[in-house]
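Student: Sequence:
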Amino acid sequence: MDVETFLNDLRAQVSCPLCKSIFTDPKQLPCLHVFCLQCLKHRHETSHDRDIIKCPDCQALCTVPDSGDLKDLPTSYYLNGLIDVLAIKEQKTSQVRCGNCDKESSESFYCFHCRIFYCQECFTGHNKLRGNEDHRVLALKDFQDKDFEDVLKRPSFCQKEWHEKEELKYFCKTCEAALCQTCVLMDHVGHAMVHIDEEAERRKIEIESLIKAQKCSLRENMNTIAKIDEECAQVIQHGENVKRDVQKFVDKLIATIEAKTQNVLASVENEANGTIIAQKKEMENQLALLESSLERADKLLSRGTDIDVVQLSQFMESMFSDETDPLQAADNDPDRYIVTDDSKNCYKKEVTRLHLFKLTDSSKTLFCALAFEDEMDIKTLFLNLREEVSCSVCTNVFTDPKQLQCLHSFCAQCLKQWYRTSHGRDTIRCPQCQALSRMPESGDPKDLPTSFYLNGLIDVLAIKECKSSQVRCGNCDKKSSETSYCFQCCIFYCQECVTGHNIMRSSKDHRVLALKDFRDEDFEDVIKRPSYCSKQRHEKEELKYFCKGCDAVVCQTCVLMDHAGHALEHLQEEAERQKIEMKSLIEAQKRNLREKINTIGQLEKEYAKLIQQGEEAKRNVQSFVDDLIALIQSKKENIIAKVENQTKESLQALTAEKTEIESQIKSIESSLEKTNELLTRRTDAEVVQLKKSLHATIATQNESQLVESDPQNIPALVFMENQKMLNTVNSEEIGILLHASKKTEARMSVTEGKELSEVFIGHEVQFVLTTKNAKGEQCYNKYDNVTVEITDERHLQCTAEVRINNSEDGRYQISYSPRDSGRFEVTMKVNGEQTIGSPLIMKVKQFKLTPVSTFGTFGSCDGKLNKPCGLAVNAIDEIAVTESFNHRVQIFNTDGLNLKSFGRLGNGMGEFKKPKGITFHQNGNIFVADQDNHRVQIFSREGEFLGKFGGKGGLDVHLSYLRGLSVDSDGNILVVDKGNKLIKIFSPEGKFLKKFGVKGSLNFPVHCVQYDRYLIVSDRGEHCIKVFDRNGNFQYKFGKQGKGDGEFQSPNGLSVNKSGHLMVCDTENHRIQVFELSGKFVGKFGTKGTGLGEFNHPRSISMLNDGRIVVCELGNHRIQLFSFENKTQAATGKSNLV
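Letter by letter, the sequence shown follows residues 1 to 1138 of our numbering.
The set of hints was computed from the structure by calculation and includes no laboratory data. Note that the structure is a prediction, hence the values are computed from the model and not measured. Backbone N, C-alpha and C define an ideal beta-carbon position, used for all residues, glycine too. Treat each hint with caution, since some may be false.
[Unchecked claim] Distance ranges between label pairs, derived from CB positions:
1. Gly190 to Ser67: 52 to 62 angstroms
2. Asp626 to Asn223: 49 to 59 angstroms
3. Asp626 to Lys227: 25 to 35 angstroms
4. Asn1105 to Thr850: 30 to 40 angstroms
5. Ser969 to His48: 49 to 59 angstroms
6. Thr63 to Leu10: 25 to 35 angstroms
[As the list claims (entries may be wrong)] No farther apart than 30 angstroms at their CA atoms in a straight line, the calculated lysine-lysine pairs in the DSBU-like style are these:
7. Lys829 to Lys775
8. Lys103 to Lys128
9. Lys479 to Lys446
10. Lys994 to Lys948
11. Lys579 to Lys478
12. Lys913 to Lys848
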């Protein structure tokens, strides 16, 4: 024994865990924990089981000795020895009480045989006694380590009366008890006896075997702890991997969506800009063509010869009449588009294509201030003269300029080359404006009209440039700077040739002028010089006449040879006449252009607004995508939260398992520690006494051993990508661009309907929007986007649903059921623009109903009622009623006419015992709650029995005294199982799907309806309404027992009206109460009585398609119909409703 070790913290070892004092008569429980005898007795007295005592330390249940006295529990001799050792150890700092005279003294002695401390006097007396001669007594101050060990291993003496001096030397195998010699002689004669030291040695061997097994178990548990730690790390890592997979999938989705968003935005941009650029270019080209044509016509009229004027007149009328309207393309092309999504029009936004057109300053100057000059402005003529006389094909000065019908001129040779490469046979396309011109009958471009005006300009250019370049002689081709010009020959002559020219008699009247002497008026004469016939042998003949029959300019020889008898006119007179006509035509074109310029100005303003609409479309696209991404992110957060919750649950399960194993390890370690102490420090008597307890303790520990942790028992999460969603995102666009017709005009569209000046909460308001075109005619376009916004006085949008029914003829039926009272604005828009009179003003008053009719009286024949209970209305306003005491179902129309009835008392097919709830399914079938037969029966619309489900019992498929029935939005049947206090959901075929209301959340359920994401239950037992989510999780409740507003006495039937208000049959208060889904009281109607509008135990409530309310009265044996009161008064504010 390591005395020094066990002496450390000795006081803590000998202190009772309950009273915290030194043990007094320490008694040991079978679990090996030790307490004072008095402490155990006090604890046992407060327990309710007299045969069992619970260990205050480990809570183990221990059996009380057969005597019923806790003093018969084994005494801890070892602790008694420790208590003596503590007294010996502390004798230097405190006095020791004498075990004989109770006197405390610092000079004390200890008798190892008597196990008593003696003071100096009593020690002397003890030694004088003859019986104590062999006792070993030692002064406390003389104690050594081996003496302490002797104190602990001193003999154990019998505790029985008269046996105290007898040492426990024997062990009775029969009684499993340590005995003294007197015990053997008195009580155990004939029993199997062994010496106690032999039994102790044998039991020590057994205990060591137990210790070895416990150490193996301890090692296994430690290994299990290590595995659990590994599993925890794996669970955490697995959870992180799943979250990464979720994030990766979401990133992939969002990346695809964002890429498609950019495509849509680019499409919007390209759709607008591409059209703008194309139409702007088209309009600019057309207006430039007009500008060019007018400019050329003006030049020819003001500067050209009479021949040029006559030739011009041949082209002008057809040229201007064929001119394409610059705005025609813009009118013909669709100029609007709507951005829609592919998922059933989640949103629609309209944008209009933008067309911008800007007039150049020169165009504005020409179009707005175009004027014809009677006198030629020579200075203006000289501007860009070379450019004007240069062919646009060869870029050189014209050679034999020929004029096309579009008034563009080119060299004859250039046109001939161009004509060869063109595909037309009878026409030639202008190389400049691409206009088509008719070819001469000869097919030779040389026969096209000659531009005499340009020929004159070419000569003017030569005269102007003579100072800087030499001029070629028209007679000898010699170039010279000293040149003259003959106005009659239209030829330049060098100095030598002009002399010869002047000598000739035929030239004596010719006007010849040196180029250096030219003045402005001379240039004008050059341009307006006479024109000569180009026919062979006619070259000297001036073109003086105009043949009206041939529409040609001719010379005198031509008249004699080819135009004899034709209607002729002097060329000058014809030119003057045609100038007047052409000026009139040009003036008309100027007015037309001014109108177009004004129109373009208006379009510029409109297009500026349309740019904003284009930006709005892009914002709406982005908003939709942001909402979509936010929804994906929300779903991502939900699934990540589920991963984290599952990981947390798995870790909690592993931690609980680990904690339990650690508790077992601690228990095993404690047992091993106590067992080791028992083997090394305790007496033989304690070893044999406690071996049985030790066996029981170890057996208990082995029984509570956990099964080794199995990783397969921990659910492994695997993220499975929603491939359908990914495929949809990859294959579908986030939206499409749909072209909308521009013919629908919001500013012409009108709204018609009932007055909105006074309506009531819950009353359905109806009006009609008619779309019209710019002429005020009704029109329809499937791409028109009609929206209705209803806002309150704080400009907050109302949450109630606005229903829009498209008649596909330009008429839109709009209905809305107000939820709150107050003043509201109703704003109607078509393609984003407000309609006439929008917004309208709507004044909503508090809830108010008026009784309109009643039917049914007490009786049993058809049409009469006896305790009507259930009520349902189908799509064609047929009213079905169950009668508890007539055990049948009757079907009525809204006038109270009995249409059919079926059922009778019994338990066969189609028979009833107190039918309660009833409901119509979307497929037309009728479901009836057959209460006392504990089943639901199914009938056709004609009342033919189709099937049943249920039957009394407590299983999920069973029903017990069922009450209300209803159909949810999925077409499933909500059944109130009153007997089992549950709501059960069945398929239309009667297959059980799920249930809710477990754990006592329902007391006396009567009816259950579904609205939106909620399941609403009337609980008659608690006089309240309880609200659950679609999964059956309790959300909240409202109402309590009473007669005030919002209080109930046995609430029964439920129904939700079109405005989303919950109507409750407050049966024993004889009224109907109306609430918002939050539980806020809205209104009530009805009082107790038998008159119209009065109730006697209303049990069920429903609603007709036109909004009228139907109430079933149990006590009055009748059905009542109510409607919303709506006084028609003149509309106020901005409304113009009819």
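Student: Take a look at whether the Cβ-Cβ distance between Asn1105 and Thr850 falls inside 30 to 40 angstroms.
Tutor: violated (18 angstroms)
Student: Sort out whether Lys775 lies within 30 angstroms of Lys829, counting only the CA atoms.
Tutor: Between Lys829 and Lys775 the Cα gap is close to 19 angstroms, so the pair holds against 30 angstroms.
Student: Quick one, are Lys479 and Lys446 close enough, alpha carbons at most 30 angstroms?
Tutor: Status holds; Cα separation ~28 angstroms.
Student: Between Asp626 and Lys227, is the Cβ distance one that fits in 25 to 35 angstroms?
Tutor: violated (48 angstroms)
Student: So the hint says 49 to 59 angstroms: do the beta-carbon atoms of Asp626 and Asn223 match that?
Tutor: For Asp626 and Asn223 the Cβ distance comes to about 54 angstroms; the hint holds.
Student: Please verify whether Lys913 and Lys848 have alpha carbons no more than 30 angstroms apart.
Tutor: Given that 30 angstroms is the threshold and the Cα spacing comes to 38 angstroms, the pair is violated.
Student: Would the hint linking Lys103 and Lys128 be met if the CA-CA limit is 30 angstroms?
Tutor: holds (20 angstroms)
Student: Regarding the pair Lys994 and Lys948, is the alpha-carbon distance no greater than 30 angstroms?
Tutor: holds (18 angstroms)
Student: With 49 to 59 angstroms as the target window, see if Ser969 and His48 comply at their CB atoms.
Tutor: holds (55 angstroms)
Student: Within 30 angstroms, alpha carbon to alpha carbon, are Lys579 and Lys478?
Tutor: violated (41 angstroms)
Student: Starting from the range 52 to 62 angstroms, see whether the pair Gly190 and Ser67 falls in it by beta-carbon distance.
Tutor: With a Cβ separation near 23 angstroms, Gly190 and Ser67 fall outside 52 to 62 angstroms, so the hint is violated.
Student: With respect to the beta-carbon atoms only, verify the hint that Thr63 and Leu10 lie 25 to 35 angstroms apart.
Tutor: holds (31 angstroms)
Checked against the numbered hints given earlier, this structure breaks hints 1, 3, 4, 11 and 12; the rest are met.
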